[in-house]
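Colleague: One line per chain: the protein sequences are A and B, in this order.
Position one of the first sequence corresponds to residue 566 (our numbering), numbered consecutively onward.
Position one of the second sequence corresponds to residue 566 (our numbering), numbered consecutively onward.
Derived from the structure by calculation, the hints contain no laboratory data.
Misleading hints may appear alongside valid ones.
Have a look at the derived ranges for each label pair, beta carbon to beta carbon [to be verified]:
1. A:R845 with B:P648: 39 to 47 Å
2. A:A682 with B:P832: 53 to 61 Å
3. B:V605 with A:V568: 43 to 51 Å
4. A:R646 with B:Q723: 31 to 39 Å
5. B:Q723 with A:T642: 53 to 61 Å
6. B:T692 with A:V605: 25 to 33 Å
Here are a few chain A residues that sit away from chain B, every Cβ distance over 12 Å (derived from the structure) [unchecked claim]:
7. A588
8. V605
9. M641
10. A643
11. P648
12. S677
13. V686
14. A771
15. G813
16. S836
17. L849
18. R852
19. L867
Idealized CB from N, CA, C, for every residue including glycine.
The residues making up each chain are set out below.
There are 2 protein chains.
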Amino acid sequence: MGVKVTALSGGVGGARMLRGFAALEDVDLTAIVNVGDDDVIYGLHVAPDIDTVIYTLAGQEGLAGWGVRDDTVAVMTALDRFPIDTWFRIGDIDFATNLFRTARLQDGWTLSQVTTAEAAVFGVEVTILPASDDPIRTEVHIPGEGWLPFQTYFVDRQHLSPVDDVRFVGVESARPAPGVLEAIEDADLVVIGPSNPPLSIWPMLAIPDVADTMMEARRVVAVSPLIGGRPIKGPADKVMEGLGLPGGTAGVVAAYDGILDEIVVDPVDASDSALDLGVRIRVLPTRISDIDAAAALASRLLEE
Amino acid sequence: MGVKVTALSGGVGGARMLRGFAALEDVDLTAIVNVGDDDVIYGLHVAPDIDTVIYTLAGQEGLAGWGVRDDTVAVMTALDRFPIDTWFRIGDIDFATNLFRTARLQDGWTLSQVTTAEAAVFGVEVTILPASDDPIRTEVHIPGEGWLPFQTYFVDRQHLSPVDDVRFVGVESARPAPGVLEAIEDADLVVIGPSNPPLSIWPMLAIPDVADTMMEARRVVAVSPLIGGRPIKGPADKVMEGLGLPGGTAGVVAAYDGILDEIVVDPVDASDSALDLGVRIRVLPTRISDIDAAAALASRLLEE
């Protein structure tokens, strides 16, 4: 039995953090993955964060931040001829994943069961838990326009629109998936990966009992998704600003109000370690696109 | 304004008959297509007869009797790795068609609207009408076993099981799709293609008002799907026998009880023209896999 690590993950950043822990020996790793990005696209239940985590742990992640690497596009090429919006691109192998998920959910499987089977197909041995088996749909509020589904905002609009509010439709009646609360309770270390706090992590913390369980966890460490106040990719800084959160490290700590024991910031932000944010601030290299860098960070996070 | 021809069609045989009429000038052709074979496969609404008709009229039909010719199989190859039955094979281009259909039905389009758009994508100018926009599901009864969905019987079991009854779930409350009754009423000629009578044509005749409208049509001609008592492909003879219908031409006429003015039989069955079946019996070449043969037959059918 190794050290029990439970990591909360959105898409790319969280998946890379997971890959770092998975590379270590003697770590018993559980991933709790955001489902707020899930949607129905072309009639299929897509779960982009779950797939990104599994494809990344399998070493097959698409280099653009979604899908399977070097996937072919025969279906999308054919679909482009039809009168339907095709801004959500899905490769052929990725279509198979989404078809399997959709079919099995219709058969009555839970999203957890589907995800376990998917991980096995891709040879991933990490325990992957959807945050919930119940539907949660992240929506963002665009000033002067109204609420948009997450994928419309993120993919179709390329997250260029300003956001001044977020909500997680369905979350009040959603339950944590089986094993989620236990994985947080039992963990020697709970890590919040370098994901977008409002868009990728809040949809999990908003599930009843999850935030409370996080507060009682043995040790909760967040890796800041901001380096010099900016994310490597994506709109985290803009969304946090739009929601009235402070900039930089202070904003990340505020986003996880009361949950964190520690926050890890990149050496670029070493001066932040002088801030009084009510949590321990550690300075460690957080650029983890490289698997060795991710493993090095994971290894340091295990040290108290 | 040409001669108005309305043809009832199942899959391959009916599609080839349609292709013959479509090759003629001065024919205003409407196809009414069986939807009893429709099912939900991998979460998608498949409509095999509609697709076969459209792909055939586009000159892109798969040579095995389903799907698109020379289609690639990237999705199926990936799906084969998942724990799910994959006996229903769908090529990549064909997946796009089924994804479009499924997505648009979820958007609230009718099957008729989806089908019109699909035909346009494939450059098909024939009017293609699903027999109904409401769900009708053909099931076959296997002695000693019970009722099977059509696709399970036809594809998974390769129609090897004996059949002693058929039913069309939902048909009592199904309505003919917009234009179906009018196309039968207004036609100078209504043709029932060389399709399997119980499995491909009955699901249409069982829709309320369709059989009655057929009986009042100006002229209804069926092309027998049997040559020397056997279909070119498929289980028509076995199913008809299992249902207690006579063999050969007499069985086809009985299957269309009271609806036909004429039946067309192949020269192989020329001796059947001496039978007293209460309808005119014409002898014409009915092997129409070749488009010229199909056009020749269509041209002869136009002659009263």
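Colleague: Now tell me if each hint is right for this structure.
Modeller: Verification of the hints:
Against the hinted window of 39 to 47 Å, the Cβ-Cβ separation of R845 of chain A and P648 of chain B comes to about 44 Å, which satisfies the hint. Between A682 of chain A and P832 of chain B the CB atoms are about 56 Å apart, so this pair conforms to the stated range of 53 to 61 Å. Distance hint check for V605 of chain B and V568 of chain A: the Cβ-Cβ separation is about 45 Å, which falls inside the suggested range of 43 to 51 Å. For the pair R646 of chain A and Q723 of chain B, the beta carbons lie near 32 Å from each other, so the given range of 31 to 39 Å is met.
Roughly 32 Å separates the CB atoms of Q723 of chain B and T642 of chain A, a value that falls outside the hinted 53 to 61 Å. Range check, T692 of chain B to V605 of chain A: Cβ separation about 31 Å, and the 25 to 33 Å hint holds. Chain B leaves A588 of chain A outside its interface by the beta-carbon criterion, the shortest separation being 24 Å against a cut-off of 12 Å. Remark: the non-interface label on V605 of chain A conflicts with the geometry, its nearest Cβ contact in chain B lying 7 Å away (cut-off 12 Å).
Annotated as non-interface, M641 of chain A brings its C-beta within 12 Å of a C-beta of chain B; the closest such distance is 8 Å. Not every Cβ of chain B is farther than 12 Å from the Cβ of A643 of chain A; the closest lies at roughly 3 Å, contradicting the non-interface assignment. For P648 of chain A, the shortest C-beta to C-beta distance to chain B comes to about 5 Å, within the 12 Å cut-off, and the non-interface label is violated. For S677 of chain A, the requirement that its beta carbon stay farther than 12 Å from each beta carbon of chain B is met, with the minimum near 15 Å.
Not every beta carbon of chain B lies more than 12 Å from that of V686 of chain A, the smallest distance being close to 5 Å; the non-interface claim is violated. At roughly 27 Å, the least C-beta separation between A771 of chain A and chain B is larger than 12 Å, which holds for a residue marked as non-interface. Non-interface status of G813 of chain A relative to chain B is upheld: no Cβ of that chain comes within 12 Å, the nearest being about 42 Å off. Residue-level check passed: S836 of chain A sits 48 Å from the nearest beta carbon of chain B, beyond 12 Å.
The beta carbon of L849 of chain A is kept farther than 12 Å from every beta carbon of chain B, the shortest such distance being approximately 38 Å. The claim that R852 of chain A lies off the interface holds: its Cβ sits roughly 32 Å from the closest Cβ of chain B, which is beyond the 12 Å cut-off. The claim that L867 of chain A is not at the interface with chain B holds, since no C-beta of that chain comes within 12 Å of its own (minimum 34 Å).
Of the numbered hints listed earlier, those contradicted by the structure are 5, 8, 9, 10, 11, 13.
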